[in-house]
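> Protein chains in written order, with the working numbering: chain A, 1 to 528; chain B, 529 to 860; chain C, 861 to 1134; chain D, 1135 to 1348.
Everything labelled a hint here was simulated from the structure, so no lab data went into it.
Some hints here could point you the wrong way.
What the hints assert, rightly or not - Sample of chain C residues lacking proximity to chain B, with all beta carbon distances greater than 10 Å (derived): (1) L920; (2) I958; (3) S1012.
Claimed, not checked - With a Cα cut of at most 20 Å, we get these calculated EDC-like pairs of lysine to aspartate or glutamate: (4) K975(C) <-> D671(B); (5) K990(C) <-> D1089(C); (6) K233(A) <-> E740(B); (7) K1003(C) <-> E740(B); (8) K586(B) <-> D66(A).
As the list claims (entries may be wrong) - Ranges between beta-carbon positions, derived for each pair: (9) Y128(A) <-> P1084(C): 16 to 24 Å; (10) Q1228(D) <-> T121(A): 35 to 43 Å; (11) H1269(D) <-> E646(B): 47 to 55 Å; (12) A114(A) <-> F1294(D): 35 to 43 Å; (13) L702(B) <-> S1037(C): 21 to 29 Å.
Glycine is no exception: its CB is placed at the ideal position from the N, C-alpha and C atoms.
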Amino acid sequence: MSTIAAAPGTNYLNATKGLRSWIGTLDHKRIGLMYLFTILCTFLMGGVFAIMVRLQLGGFNIMTADQYNRAFTYHGTIMVFMVVIPMIPAAIGNFALPMLIGAKDVAFPRINLASYYIFLTGATMAAYTLFAKGVDTGWTFYAPYSIRTGTSASWVLMGAFIMGFSSIFTGLNFIVTIHKLRAPGLTWNRLPLFCWALYATSVIQVLATPVLAITLLLLTFERATGIGIFDPKIGGDPVLFQHFFWFYSHPAVYIMALPAMGVISEVIPVFSRKPIFGYKAIALATFGIALVAFLVWGHHMFVSGQSEFANFVFSLLTMFVAVPTGVKVFSWVATLYKGSLRFNAPLLYAFCFLFVFTVGGMTGMFLAALATDVHLTDTYFVVAHFHYVMVGSTLMGFLAALHFYFPKMFGKMYSECSAKWGCFLIFMGFNVTFFPQFILGSQGMPRRYYAYVPEFKTLNQLSTFGSWLIAAGFIWTAIYLGRALVAGAKAPSNPWEALTVDWQTASPPITENFETTPVITSGPYEYR
Amino acid sequence: MLWTLPFFGTLPVQASEIASRWDAFYIFLVVLSLIFFVIVFGAMIIFAVKYNKDRRAKAEYIEGNHLLEFFWTAIPTVIVMVIFVWGYVVYRDMVQAPSDAYEIRVIAKQWLWQFQYETGRSEINKIYVPLNKPVKLVMTSEDVIHSFFVPNFRIKKDVVPGMYSQVWFKATVLGEHHLFCAEYCGTSHSGMIGTVIVLNDQDWKNFLKGREIPAAGSTGAMGTAAAGEVAAPTMTMAERGRELSKTKGCVACHNDTGAAGGVAPTYKGLYGSTVEMTDGSKVVADDNYIRESIENPQAKIVKGYNPVMPMFKGLLKEDEINALIAYIKSVK
Amino acid sequence: MAHGNHNGSHNDNRNQEHSHVILSDAMIWKIGACLFVLTAVTVGVAHINLGWMNFPVAMLVAIIKGSLVALFFMGLKYDKKENSVILIGSFLFLAIFIVLTSCDLLFRPANVYDKPEPFAAAGGPPKYKKPWTAQAVVAAHGKELFMQQCVSCHGEKGEGNGVASTAMTRKPRNFTSGENWLNGRKPSQVFHTLTTGVNLMPSFGSLPAEDRWSLAQYVLSLGPTPPADSVDDLKKVGVADPTRDDGGQPGAAPSIPIDLAIELLAEDGTFKKK
Amino acid sequence: MSTDTHTHHFAHHFESADHELEASKEGMWVFLLTEVLFFGGLFCAYAIFRSMYPEMFHEAHKYLNWKLGALNTVILITSSLTMAMAVSACQKAQRNKAIVNLILTFLLACGFLVVKSFEYAHKIHEGLLPGALFHNHEIVHPKAPLFFSIYFGTTGLHGFHVICGMIVILWLLFRTIRGDFDKGYFMPVELVGLYWHFVDLVWIFLFPLLYLVS
């Protein structure tokens, strides 16, 4: 086991054959790919629901109010718990992290595999409700509606509960991996920023997810027996539920955003052939964001009946999210300065990220400031904002990462030209879909509306049109990446001439990642 | 750039006192975002053109610049503080109702709004308010969380079961304004739409006198029979209370004749009197005591009686309790 | 969280010859003894009244006990510092959770849970005379109310197929058929159903009586002609004297605020201000 | 791979058995951190509702039997003690002593559950149950069900952890008897030890919070 048999041509993909060698694998790269595949499936499901919702609002009357409520609930639940949260850490992170730190595997490969199957179980439980009574609570499960609803909400609650543990174990694994398994010479100041991001993400995962777990557990008991902590009819407090829920779900936004930021911090130096601007500042900002993430959840509740004092405190604290975020954006842009930019797909997606994320971040200020939030919260402004932040950052980051690591994952190159078109389509589609929603929100269109007053028709139709562009973009991406898998040119071991250690091995790598344990002697971005 | 759009009617009508100040702050934020956005994305475009690999084969080796980093940490910090303070100042005036505000009770339930006026008048999904007078709403929900949202007034407040949340506004534009439920509340969430009807002085006076308001809009027409008719008596709160005391079975144990020896205390002369409890303590029978005794009878047991009454918490609607209390009050 | 505390090069976290501190039995017994004593203290203190001090003291003792367990039984004293940081970190974030949540629940306005004093005032004026007798305007008003109150379950046409009905085990009444109505189809009986509710249908007693009458009339207008009400039927539902416009409600005198009453009288000239 | 009986063959991505032990222990600590926050939700609810209705908590806690609570505290601390014994015995490769102490720990855990079940039986009989199930007429405070929601929530969750602990202790017992552990390899024993002490730790806080409200 500890010695490496490296017969030429063998890699982690073909080292062992057969289905059983995959379902029982302990190799972080294979587990990463299994996550990737699963998440692409759930992403497809969530996408279909999104299209349905958009069609309904675009004026095609395709469903009843109840079906609509189920549709947006599934869209939200699937996208948040089964796509955006595990997308980069569990899929890309699992594949890349050990290689980035020159390790053979994560600290606990068995727990890693277990967490995948836990995720699968939870996802299956949630998906089961599609064939039962469905669920119509919205992904936020607000009590007391989630207590009253006659739909099979309990299944989804338990599903999310279980998926939470998958998230916890991934985080636990990454923390220990980064602490204990760094290659010789890989000091903390030489750690690639993607690792810093995954590290901060893991810290959030292990700290916040347990609270979601207990919240969903209590809510399930509330439905089953009426334990009365959240149900006003039995003396509980429904607003307390919102505190419990957002204590997890706000940091969760950073579980989604931070890894994407990490990816961008990798991509930009590589494709501008320059060291990242202000490495320490970015690493620090990453942890700054992770910490502040736990202090600001109340800004989701400014009109919920929360005390004015709490509103004051949470609004004030929320403002400080802007500072480290700003530092990162400025540093990324400054990294481009006097570089030698190579506009491959990953950098294009990084640009999309910067554009979309900046818009998302700035509109965040509208919702962090108390006065503006009162009018804008629970309207389409919020919907647009968090799509810009979640989809914008996470999805663009994920696509950047996918195009960045594709050669390493499969040893194949994709067509650059097709990638550029895909990027263009998705970017345009995204903005056409969601920018109008800012205006709809400002005009006062509440979210989760099945039907709306005539004033809002035009912009909704525009938005629906945009959703088709996005869909086209993804279908296109699926086609050319699929083609690359079967007919793509063989990838060199380091196609982007990156300096991080994960590129200093074969593509695709061998099961143990490296022939011999690498020794790190320089920083990750020293493009001299 | 679409960012300039907010200046061209993308905000709803300014129909309340606060709206103009709100819009000013909003537009400030839009401009600020715009500037920031131009800086960041402008720089990106310029760098993308100027420094791509065809123009520039070798990148310059720059690891950072502490002065720059200090500035782009410090300046945003100052800006966000400005945003916070401005936002908080406007917010305070949005939530603190003046003491002379006219109070209207709001009861939300799946999926309609009920408005109760001090005159006993009760409206469904149509809330009539006076022009240029502060109005305070005291709101509660009977089932799940709803949210009272009037875009033209720039106000929103969740309506939570078990709580009495408040919101206030001073309407400045006559006529009808949209009222939306902004917190997802189930099947007909998007159908839980009402109308705020702002009345001029004369109409408001008439409204309080129980007259129909001709200007009440398309959905408001109540037929000709009643229009402009002078107020005549109908079932009062107390009467409804009496009805309820029958339908809810109170009369089985409580009487209003004062006859002694019943299973439970009589209503006659109860209100305002001092009642002795089994534990010897004395309580004045006021609204709160009666309400408590209805919702949670076991809390206080009157001397000489057994704790046999069922809890009515959750079984009675808000205004049914109002009515019962009014009825008990009326039995002197 | 813990990253600052083991900034060493990788040699700190690999290959280190790490010597295990093995607790001696004597040590274990000592710690155990302390814990037992402290438990006795906790119980003892709880039974002396120290006023507000009780809670802090109890917590202090508990924290001491906890630290003993963590430091010795769990070996944090001899272990790598990062493990202590992890434990302390967990309590730190738990504290954040509790404190910031308290900022809301413990700082709400005192009256937010108190039911406001009910308006003790009169109901509005009647919209109709004898609303229990068939009148077009009454039915029209009923239709309007129906569209606000009932469509969600009973559907636009009253066929019992509203959007909300889909989720219901027991389907709402189809008004277009006269068959097997639970409480009968006399106006008074429908009025009664509206007042008390039936099966899954809630009580609409909160609506003014005449609104309930209007609804009853509209609902019945959707199906075959209903049987008529007898005087007794009407008495059952509180219409003491059907010949009177207001149903002869006992004590039907207006109990509206006096100033408003005077104003009203002044308006229709019952008494002239001199 | 090494075949020396005194060094367990560790996973291929670790440098040494010690390295693996260090990593596993840290992993366990991170897991315990998640446990703290898992219980945290209930502790938060406790803190909030106790500060909102102190008189209710004071009244309701009288219906808990502090003597049984104290007894359980003693039982758990003793079990913690025997577990510590078992760990050190394993580290010193004293197999029989380890076995005896593990058995003691298991029995004490059973004792804890027996006492708890008596308490629960009594509460259920009295109708002192969480939320909607509450049907006791002695307590007049309308919010009283909340206290028992929290009581059953916290103690129930803790009890569940005790049962999980008992299962892994049995597993350890089996492996110790089989002779899997020696001076070079006792990682599982140490990890389970950490977990068991944590369960004790939680109870050390629950006892005064629930039984000794003053």
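> Give a verdict on every hint.
Here is what the structure says about each hint:
Taking the minimum C-beta to C-beta distance to chain B, about 36 Å, the non-interface status of L920(C) holds against the 10 Å cut. Every CB of chain B is more than 10 Å from the CB of I958(C) (nearest about 21 Å), matching its label as outside the interface. Not every CB of chain B lies more than 10 Å from the CB of S1012(C), the least distance being 5 Å, so the non-interface label is violated. Note on K975(C) and D671(B): the hinted pairing holds, with a Cα-Cα distance of about 16 Å set against a maximum of 20 Å.
A hinted pair counts as satisfied when its Cα atoms are at most 20 Å apart, and K990(C) with D1089(C) qualifies at roughly 13 Å. Pair hint K233(A) plus E740(B) does not hold up; C-alpha atoms about 37 Å apart against a cutoff of 20 Å. At most 20 Å may separate the alpha-carbon atoms for a hinted pair to count; K1003(C) and E740(B) meet this at roughly 18 Å. Restraint check: the Cα-Cα separation between K586(B) and D66(A) comes to about 60 Å, which exceeds 20 Å; the hinted pair is violated.
Taking 16 to 24 Å as the suggested C-beta distance range, the pair Y128(A) and P1084(C) does not conform, at roughly 46 Å. The hint said 35 to 43 Å for the Cβ distance between Q1228(D) and T121(A), and at roughly 41 Å that hint holds. For the pair H1269(D) and E646(B), the beta carbons lie near 40 Å from each other, so the given range of 47 to 55 Å is not met. Evaluation of the 35 to 43 Å hint for A114(A) and F1294(D) yields a failure: the beta carbon distance comes to about 20 Å.
The given range of 21 to 29 Å is broken by L702(B) and S1037(C), whose C-beta atoms sit roughly 46 Å from each other.
Hint compliance for this structure: hints 3, 6, 8, 9, 11, 12 and 13 are broken, all remaining hints hold.
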